[in-house]
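Number of protein chains: 4
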Amino acid sequence: MPVQLGYNQYGKAETRVVRVYRDTDPHELVDYNVSCALAGDFRDTHLTGDNSEVLTTDAVKNTVNAFAKEQGEAARQPESFGLALARHFVDDTPSVTRARVSIEMYPWVRLAAHPHAFARDGGHVRTATVTYGDGGPWIVSGIDDLVVLKTTDSEFWGYYQDRYTTLQPTTDRVMATKVRAQWWHTDLAANPAADMGADWAKSYETVLAAMTAAFAGHHSLSLQQTMHAMGEAVLEAQPGIAEIRFSLPNKHHFVVDLSPFGLANPNEVFHADDRPYGLIEGSVRRGDAPDPGLAFDPGQGWR
Amino acid sequence: MPVQLGYNQYGKAETRVVRVYRDTDPHELVDYNVSCALAGDFRDTHLTGDNSEVLTTDAVKNTVNAFAKEQGEAARQPESFGLALARHFVDDTPSVTRARVSIEMYPWVRLAAHPHAFARDGGHVRTATVTYGDGGPWIVSGIDDLVVLKTTDSEFWGYYQDRYTTLQPTTDRVMATKVRAQWWHTDLAANPAADMGADWAKSYETVLAAMTAAFAGHHSLSLQQTMHAMGEAVLEAQPGIAEIRFSLPNKHHFVVDLSPFGLANPNEVFHADDRPYGLIEGSVRRGDAPDPGLAFDPGQGWR
Amino acid sequence: MPVQLGYNQYGKAETRVVRVYRDTDPHELVDYNVSCALAGDFRDTHLTGDNSEVLTTDAVKNTVNAFAKEQGEAARQPESFGLALARHFVDDTPSVTRARVSIEMYPWVRLAAHPHAFARDGGHVRTATVTYGDGGPWIVSGIDDLVVLKTTDSEFWGYYQDRYTTLQPTTDRVMATKVRAQWWHTDLAANPAADMGADWAKSYETVLAAMTAAFAGHHSLSLQQTMHAMGEAVLEAQPGIAEIRFSLPNKHHFVVDLSPFGLANPNEVFHADDRPYGLIEGSVRRGDAPDPGLAFDPGQGWR
Amino acid sequence: MPVQLGYNQYGKAETRVVRVYRDTDPHELVDYNVSCALAGDFRDTHLTGDNSEVLTTDAVKNTVNAFAKEQGEAARQPESFGLALARHFVDDTPSVTRARVSIEMYPWVRLAAHPHAFARDGGHVRTATVTYGDGGPWIVSGIDDLVVLKTTDSEFWGYYQDRYTTLQPTTDRVMATKVRAQWWHTDLAANPAADMGADWAKSYETVLAAMTAAFAGHHSLSLQQTMHAMGEAVLEAQPGIAEIRFSLPNKHHFVVDLSPFGLANPNEVFHADDRPYGLIEGSVRRGDAPDPGLAFDPGQGWR
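Protein chains in written order, with the numbering used here: chain W, 1 to 303; chain E, 1 to 303; chain R, 1 to 303; chain P, 1 to 303.
Chain W extracted, bound-state conformation (with noise of 0.2 Å):
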């Protein structure tokens, strides 16, 4: 039977690499969880072991650990270093066409009492994917475990009724979501040369900002509008952002029905509950913004 390889990519997942600045006072620290793909034309390993195209994922995590001390300025934000990494493994790795450097940041704050020291921000993962050659760079920033909750404000009712719908319509809800998010930088796509200089850390600040903002003063009829007024607020408060997409479970905050103990229940009592949830994905882009390429993803169902 004749079979073929089809699409492939490989490399080393979660390097778990902290790099402290001590040069500077007081310290500094970035915390990164770091995965590397690699593409290119790898059918020798496949179909008859031979490794010699091959650059072993041990070296990939070398590489990680190396690049955090030798491109120390890159490093300090997870976009620069992404993009440092993945240039490094395309450019330097002959059998290597395109590499996918997908980062996790992991926010600390600095304690009052000292100044070298941080508890961990537990409130939200700041993430960065970059992917380099085919076209490429792809330089995307994102957000992770941002958990949401408006008390008021929110709405859902007129829905199509189907056999099986039996949910009641309500006009005030606790709305609650954890918000996952990915934004594609064109500017800096455009420019790649560019990239060092941009201030990545303010970028997504101002994207947080806007992003939170937007869900508390939204007054919602879905989550579907929010998340469409969310990506709206960002990018208007952020040029340079072609498209946001967005992956948003409803954690249902489901009233609980107090009247059975002769309760009244005006929307205070909730069960937070677990499984199954809403999960609203969506993405919303400038009316001009060019083709996304590879930007959010390889294709053919890769990450």
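Source of the hints: derived by calculation from the structure; they are not laboratory data.
Some hints could be false.
Unchecked claim - Examples of chain R residues toward chain P, derived with CB under 8 Å:
hint, residue
1, Asp50
2, Asp273
3, Pro276
4, Arg286
Predicted model only: the values in this text are computed from it and were never measured.
Glycine included, every Cβ here is placed at the ideal spot set by N, Cα and C.
Using the hints, position chains E, R and P against chain W.
Chains E, R and P alone, transformed into the frame defined by chain W:
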């Protein structure tokens, strides 16, 4: 600023439905985690909050539960259950043009002591993803969380060396991985009317046996080579499968250096490491496999 | 063979109740995960299946939800909510002689943009465990998942060396831990009638500030020493606390050896390791602290 | 303010060691997660940072790895491996007066296709906890993550009713739980010299078979009654066990109300709920069982 709504989908994720068949003796059961994603024309809810075209995710959950009763025979296998659900959402909901139903099935084994009692088989999760509409259906079966290990018959040497390469070559190592794989049934996609009669359980068992036999029996020069051999074995064993995709974390087992304690360690004591890990991903296809279309993903980075 | 029923307890674990206070402007909310364990004379249900003395765990859940409404003021703090619940289960259920209510409280911070919107503060979980009956109440407050790190001011040397010791001493290392701590309030236990008026939130903030200040400001020769300093600081800051217990995993940050790449690494690049980890546990008590009784556990390995 | 150090212990948690026996044909392997906690006189490191009595947790890890080689036969079973380690820490380290070694053992099953290849059996985790010193040893075996379910032969009715009781009685329900159990071997504790010869694997299989047979075959009026029957069956099957303790979450399977869709649901379609869950804990002991001492915990809330 002109912005536009991009790709979007929504639905209910992780409905945990268990169906007991009590008209058999002994009882049978299936245990599912069902996630449904619907796509279509949902501009209004995003832009104005007009939900008149929106089937509620609560109704999606209700449908999953109701179909477990109404479509009792289809519900016996995740592939046919997913197809019944996906068809319904597209065919019976005006605004829905595509549905994607992803199911995790948790296997149970009957306890010896009593006919109606079971223990969860935690050794693997069976999966199915059915996409209907936009040219489908596509039916994809899969496995997750299958952890396999071999204590020998695995080598790794002769790889490309760069400045950051420090790994020592080996002709005998422990190789372990946690298999996630998905395979696409083309015979069925070509003949969707026939699907209900397919013996999905038998097909799954055949794939599982072929996959583990290839892992066990293959003398490995790289995890990529083993992956390809596993894919080839599956395609040989089950002619109706056009393509199989793998995601294989290399669960590193490092030989512990016991020399400081005056002890030799000829591949006897290993540290099972957590992170980082190699991640090998690839596809094996028949030479004449058609384009997979939306089988493995709906495109543009969405799942 | 004569067997007998030993220690037993039962209840409902992890009731996820969210209480919104809508009569304030802006709204306030508390977010709890409540676990209740009841002990008493429950021999019959174990031995014969006679449940006539068993309060159902479903009713326990209902009580948690109902009390979130009925005992609205008590529900504002986990300590007073736990005490109200524990008292009820013992005083109002004939068969229950002791109740232990353990609460996780998830902090939220108000978003700037709108008064009724919040983001989850993922940086720590506040806990309370209240035991009532059998001589109680005992009220224990706590914290979990507080991850702290200092980039310097930590040494480790001069330790005992045996045949298996290979660790190199250091006078400057990164020290990080994830704090789990519990502290017992004796002033309140001595005067249970006063508990509702205690400013539990203020007490918690005082402990959190003292604990993090001690971690940050302490020049550490061992994690044990730092733990003791943290405990001492807490007891000094909050006179009503008789004892505090810690469980501190040493989240190892290993200096990466970059010398194969010709790079020095003067404590700049670290690998944040997952497993194994040191685990330091200990208690700091006032010299005149009474016996903790059932404050920290009901004894015999039960929680 | 006079404060004092209370109870304390420390050690290395979760050393993930895999031991391959290559002198057998086919190879055998054991897969352990080993946590060691040491107690003794460690005042100095807490109070002054003088570590001269402290065996480093790094050396503890090294010892686990070295013993997997040096004590190869003892390492074949978690009970004997734990005892060898605990004895060493107490007998060979001047400051250590008590050691507690807790081991998780992950079972593997041999793949049919090749003698040296295995698949992880995810259906249960075998455990052992050995405490040595202060009057020990105590040897406790256990199981975790064994998920069992029965589709019938389970009733629940006739319970106490209070104001918050709304549950409807049932004479036929699905009952499911995830078994965590620990049992104490007194014959061995009385004769520690004999322990190496005990057939721990056979003892474990006997307990597992007795426990699951009792779950399956018992007509249940409450989960408490089933738990007691399981304990009784274990004590009958294995005379050397003096006491067994269970922690059984009631994994609720709720009958879904399908009546809004015009469908009957005679115990066929269930929602497998996550939280909250009933939690049933209890001990079954021989009538002449001695005091368990530190077998199940070292007391005062420590594990």
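Results for each hint:
1. Asp50: holds (7 Å)
2. Asp273: Nearest chain P Cβ about 11 Å off; hint violated.
3. Pro276: This interface hint holds because 4 Å falls under the 8 Å limit.
4. Arg286: Since the shortest Cβ distance to chain P is 6 Å, the answer is holds.
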